[in-house]
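Listed below, chain by chain, are the residues.
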Amino acid sequence: DTAVSQTPKYLVTQMGNDKSIKCEQNLGHDTMYWYKQDSKKFLKIMFSYNNKELIINETVPNRFSPKSPDKAHLNLHINSLELGDSAVYFCASSQDPGREDYGYTFGSGTRLTVV
Amino acid sequence: SQKIEQNSEALNIQEGKTATLTCNYTNYSPAYLQWYRQDPGRGPVFLLLIRENEKEKRKERLKVTFDTTLKQSLFHITASQPADSATYLCAPASGGSYIPTFGRGTSLIVHP
Chain B
1 DTAVSQTPKY LVTQMGNDKS IKCEQNLGHD TMYWYKQDSK KFLKIMFSYN NKELIINETV
61 PNRFSPKSPD KAHLNLHINS LELGDSAVYF CASSQDPGRE DYGYTFGSGT RLTVV
Chain A
1001 SQKIEQNSEA LNIQEGKTAT LTCNYTNYSP AYLQWYRQDP GRGPVFLLLI RENEKEKRKE
1061 RLKVTFDTTL KQSLFHITAS QPADSATYLC APASGGSYIP TFGRGTSLIV HP
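From first to last, the protein sequence lines stand for chains B and A. Positions 1 to 115 (the numbering used here) are the ones given, in order, by the first sequence. Positions 1001 to 1112 (the numbering used here) are the ones given, in order, by the second sequence.
A hint or two may mislead.
What the hints assert, rightly or not - Listed below are several chain A residues computed to face chain B (Cβ distance under 7 Å; list not exhaustive):
id, residue
1, Leu1011
2, Tyr1028
3, Gln1034
4, Arg1037
5, Gly1043
6, Pro1044
7, Phe1046
8, Leu1049
9, Arg1104
FYI, nobody ran anything at the bench for these hints, they're computed from the structure. Glycine included, each C-beta is placed from N, C-alpha and C at the ideal position.
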């Protein structure tokens, strides 16, 4: 069973288009995240979301928006795609930070290429 | 601004030796620090967490130390194997949001 699954794995699209990436977790975790890994391999937090609070990294353009239909899903919508949006996007989930084994479970990533 | 530094050069070691990876941070007082492994084309995989009041944590062949005075964490893999070859990411987190910030990672290559 895949713990955190995201689709599609690859996404090639033209500038100006709107696209979505889907993420689902079957771990029962309360919090989900979106990270962006750029060409220099830095992993940067974009959003953190649980049923109480959405935390947005202030550097993320408002063209990016998370949508959570329920606790197990956190989708990423991107409007008016730009060349600089090309990167690998990772979904992740976690349980209570107070746990001894607190760690993030990541999906396998979506490689977005904007042409 | 907060900065996390991991050696950008790959670490090459012989099978059976101990690999030691370094993570330094500045302008930061993390409540805890995580280490992850990332293989090419895959998402990071959580390995260990160490909290600010802990000096050392072990899990099988892995050992992590945390020196809040030096602002440094060391990650050790004993009896290294070629299967340990991957990029290892350091991720400290402050006590407010508890969301870790990832370093760029260090590539480890274990030669048979």
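#### Entry: Minimum beta-carbon distance criterion (7 Å), Arg1104 of chain A to chain B
Given a least distance of 6 Å, the restraint on Arg1104 of chain A holds.
### Task
Would you check whether Phe1046 of chain A satisfies its interface hint, that is, whether its CB is within less than 7 Å of any CB in chain B?
Constraint on Phe1046 of chain A satisfied, holds at 3 Å.
### Query
Does Arg1037 of chain A pass the interface check with chain B, least Cβ-Cβ distance below 7 Å?
Violated, because the Cβ-Cβ distance from Arg1037 of chain A to chain B comes to roughly 11 Å (cut-off 7 Å).
### Restraint satisfaction for Leu1011 of chain A [CB to CB of chain B, less than 7 Å]
violated (16 Å)
### Task
With chain B as the partner, please determine if Pro1044 of chain A meets the hint condition of a C-beta pair closer than 7 Å.
holds (5 Å)
### Query
Do the numbers back the hint for Gly1043 of chain A, that is, is its least Cβ distance to chain B under 7 Å?
holds (3 Å)
#### Entry: Cut-off 7 Å, beta-carbon criterion: hint that Tyr1028 of chain A touches chain B
Violated, because the Cβ-Cβ distance from Tyr1028 of chain A to chain B comes to roughly 15 Å (cut-off 7 Å).
### chain B contact restraint on Leu1049 of chain A - CB to CB distance below 7 Å
holds (6 Å)
### Task
Mind checking the CB of Gln1034 of chain A against every CB in chain B and telling me if the closest is under 7 Å?
Interface hint status for Gln1034 of chain A: holds (6 Å vs cutoff 7 Å).
Of the numbered hints stated above, those contradicted by the structure are hints 1, 2 and 4, listed in ascending order.
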